[in-house]
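My request is simple: use the sequences and hints to build the entire structure.
Chains as they are written, first to last, in the numbering used here: chain V, 1 to 350; chain F, 1 to 461.
Since the hints were derived computationally from the structure, they do not count as laboratory data.
Among the clues, some could well be false.
[Said to hold, decoys possible] With a straight-line cut-off of 27 angstroms between C-alpha atoms, the simulated BS3-like cross-links for lysine-lysine are: (1) F:Lys-129 <-> V:Lys-101; (2) V:Lys-101 <-> F:Lys-136; (3) V:Lys-333 <-> V:Lys-101; (4) V:Lys-101 <-> V:Lys-278; (5) V:Lys-333 <-> F:Lys-136.
[Claimed, not checked] Reference listing, derived: stretches of chain F covered by chain V, where coverage requires no fewer than 3 residues with Cβ under 8 angstroms from a Cβ of chain V: (6) 79–89; (7) 121–130.
Think of the CB as a built atom: it goes at the ideal place given N, C-alpha and C, for glycine as much as any other residue.
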Amino acid sequence: MSRLLILLLGVLLAPSLIAAPGDVQRFPAQGVATEQLRIHGTTDIEVFAVVIADYQRLHPGTEVVYEDIITQDLYARFLRDRDTATAPDLLISSGMDLQTKLVNDGHALPHRSPQTEAVPAWAKWRNEAFGISYEPVAMVYNTRALPAANVPHTRRQLLDLLRAEGTPLRGKVGTYDIERSSVGYLLATQDAQRGSIAGALLGALGDNGVVREERTGVLLDQVSSGKLSLVYNVLGSYAQARIDAGAPLGIVEPEDYTLVVLRTAVIPRNSPHPAEAKRFLDYLLSARGQQVLSREARLMPIIRNGGGDSDPGQNRRPIQLGPGLLVYLDALKRRQFLDAWRSSVEPKPR
Amino acid sequence: MATAEVRTSGSLRRTLMLYLGALLAVFAVALLFAARDYGQRAANRSYDHLLVSSALSIADSVALVDGQWQVDLPYAALDLLSMAEEDRVFYRVADSRGRTITGYEDLPQAPRRSGNQPQLFDAEYSGEKVRFVVVKRSFAAASAQGEVQVQVGQTRRARAELAQEMVNRALIAIGVLSALLLALVAFGVHRAFRPLVRLERELSRREPSDLKPLDSHVPREMNQMVAALNRFMERLSSSNETLRAFMAEAAHQMRTPLAALRAQAQLALDEEEPEDMQRSLRAIERNATHMSRLLNQLLSDASVIHRSNLQRFAPLDLVETVHQALHEALPQAGPAPRVQLAITTGAVQVNGDALLLREAIKNLIDNAMKYGGDGPLQIALTVQDTQAVLTIADHGPGISAADAERVFERFGRGENAPAGGAGLGLAIVKRVVESHGGNIDLSNRPEGGLVATIHLPRHAA
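In C-alpha cells:
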C-alpha cells in the first residue's frame, strides 16, 4: 500500500524522478535547416520515422527531432520541460486521458485549418486535441495454442473460457499491468465504465493467475512464443505487424464492444515553433499523411478517402475525448480503482 | 392656368415616417437588449443545472471513513458536463478548513459565503472566464464531524454559443418584425394621405371658373382646411360676381351719355343756325364733362378697391387728414363756401391709409357742397372711447329712408339727386371706411339737412 502510494506520488508530483531520457532521433534537414520541430511521441521511432521522412520530402528545410517516450513520462516531461529550450512543439500520444488533461488545464494551442475541419467530431476536442489515427483494442491469441472453435468472440465467451472445466487458460492469459501502463489503465477504466461484466471478468482473470506486463511488445512476444495463449485488451495494430511478420497470432475484436483508442496530437501553448507544429499536424491529417500512416506505419487513418465522418465500425466504441476522461485521473479515484483492481487480479490467499 | 411655385417646408410623409421609424428602431433595440439578457440568463440556467448536479453528485460521493475523507469521483459527474462539448472542467473538494482533498488546488474563491444553497459565480481561471458552483455538505459521524465544500467550474464557451444562438434567432425575428411594421407604417401613412391626394386631384381637374365648394369627404383633421378653402372660394366667387356686375353697370352707365352725345352731335350737324349749333355743342360739352367725371370716379373706385385690398396701413393723425381733405375739396377759385369746423384738440390717431381716408372725406365734403343747400358746412371730429367720430352736416334736403341704403351702392343715386353725379362717391366712401374697420351712416337732421357720421377705430397707442 505505502509502496504504491510513493509510486503514485512519484508519478504525479515528482516527474523528474521517473522521467528517464527516452530514445531520441534527429532527422536532419535535407538542405539548409530553416525550420525546427520537436516531437514527443509514444509511437516507436521506427514506425514514425517513415512519416517524418515523407514530411521532409515535402518540406526539406525542416529539421525534426523525435523523442519516443512512454505515455506517463510524456505528460510528466511536458509539465517539467515546458518552459525550457527542449520544450516540445507537438505531443503525439495514445494516452487520451493525459492529453485531455493537458487540454483541460489550458496547456494546448487551438488550431483550425481545412485539414482539422475534416477530422470527425468524435475524434477531436476544442480544436486543441486531434485524433490522427485510431487503434481498436483486441484480444490476441496464439493460433497453435487455441483451436479456432475455442476462440472467444465476446467478453462473455472469454469469461466462460476462463471458468471452463479444466481451466485451460490458467497461467496462460495476460493483460496490461495498469499500475505501470497508462494505456492499460485507460482501457481498464473504460471497461469498468461500460460493462457490468468487467468486474466478473477481472475476477476470473485473477483466478487464472493473469500475467501482468507494462509493454504491449512483451505481452505479444509471450503469446507468439506460446508462453501465453491469449492476451486481453491490447492494441491490435502491434499484433497485425507481427502476423505480417509470420507470427502465429490471431486478432479478435470483441463483438459486444470493441474499444478504440485514438492517437492524439496536441500542440502545446508554449511550443517554440507553433507554426511548424501546425504545418506538421496539417500534414498528418492530410490525405497523403493519412495514407502514409496507414500503409507505411500501419496505423489506422482517422480520415478515410480524404474527408467526411468516417465510421469507426459497427461494434467499435471510440473512447470520447472530454472531461469524462479526467475522472479516473483524480488521485483518490485512481488509488481506489487500483486497489479494487489489484484485489481482483492478485492471487487470493487460499 | 399658370402653375405657381409652391415653397415646401419639409414633407409630412417624411416626418411621419421618420418619427414612426425612430420609434420602431428604439423598440427594436430595446427588444434586442432584452433578447440578449434573456439569452444569457437562459443559457446560464440550462447549463447551471448541469453544473449544480455535477457538484451535488460529487458531494454525494464524499465519505468520512475513520476520520479520513474519501472521494469516489463519479464518472457521470464530469461526463455530464461534456454536454457542453467544447468546455473545460475544473473541480475541487475541500474540507472546512479550506484544505484541498482532491482536485484543482488553486481554484478561485467564491466571492462571499452564503447559506447552504449552491452558490454560482463567474471568475477568471486558466486564462478563461469560468462559471463556478460551490456546494457544501455537512457530515456528522460518531467519531468526527465536518463539512466539505465541492467546487465545480466550467468554461463558458457553450453558454456563450447558446446565448449567441438565441440572440441571433431573436435578431432574425426582430428584423422580420421590424420590416413588417415598417411596411405597415408606410402603408398606413400612404392611406392617411389619400384624402389629401384625392383633394389635390379634384382641385386640379376643375375648370378655372368652377368655384363651387369642395364636396369630397375628408377626414376630421382636414375639415378646417377644406372649410377655409371653401370659404375662400366663396369669397373669390362673390368678388368675381361683383366685378362682373360692376363692369356691366359701368358699360351701361357709359352707354347712355355716349348715346346722348351722338344724338346731340347729329343734331348739331343738322343745325343751321349758329345759336342752335352752339346750344347743341354746349350740351355735348356738358355730357362729355359728365362722362369724364364718371370715368374719373370709376378709376378712383378701382384704385380704392386696389388700395384697400392691399391694406398698407400705418398710424396717422385723422385731424391732419381732415384738414388736407377740406383744403383739396374747396374750390381754388370763386367764392369760398362757409365751413364750420369743430375739431377736438390734439391728434386723433388711427391706423389707416392716409390717401384713401383723404379721398373718402373729400368725397363727403364734395357731396355736402354739391347738395347741401345754402347753409354753412359743419365738420366735427370727436373721440368716443376707442372710436374717432367724424360728422359732416349740411343744410340740404336730406334723403329719404329708402335712399339711405341705396346711395352706398354703386351707381345708386338718390331719387331727388340733381343730374351730374355718377353715383360712385358714397360707394367709395363706404368701401374705404369699411376696409378700415369702421362704419358710416347717413341721417337727416331734425332741423333739416343731412349728416354723414363715420366711426373709425382709434389706433391703440
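Going through the hints against the structure:
no. : hint                    : verdict
1   : F:Lys-129 <-> V:Lys-101 : 18 angstroms, holds
2   : V:Lys-101 <-> F:Lys-136 : 26 angstroms, holds
3   : V:Lys-333 <-> V:Lys-101 : 15 angstroms, holds
4   : V:Lys-101 <-> V:Lys-278 : 20 angstroms, holds
5   : V:Lys-333 <-> F:Lys-136 : 20 angstroms, holds
6   : 79–89                   : holds (count 8)
7   : 121–130                 : holds (count 3)
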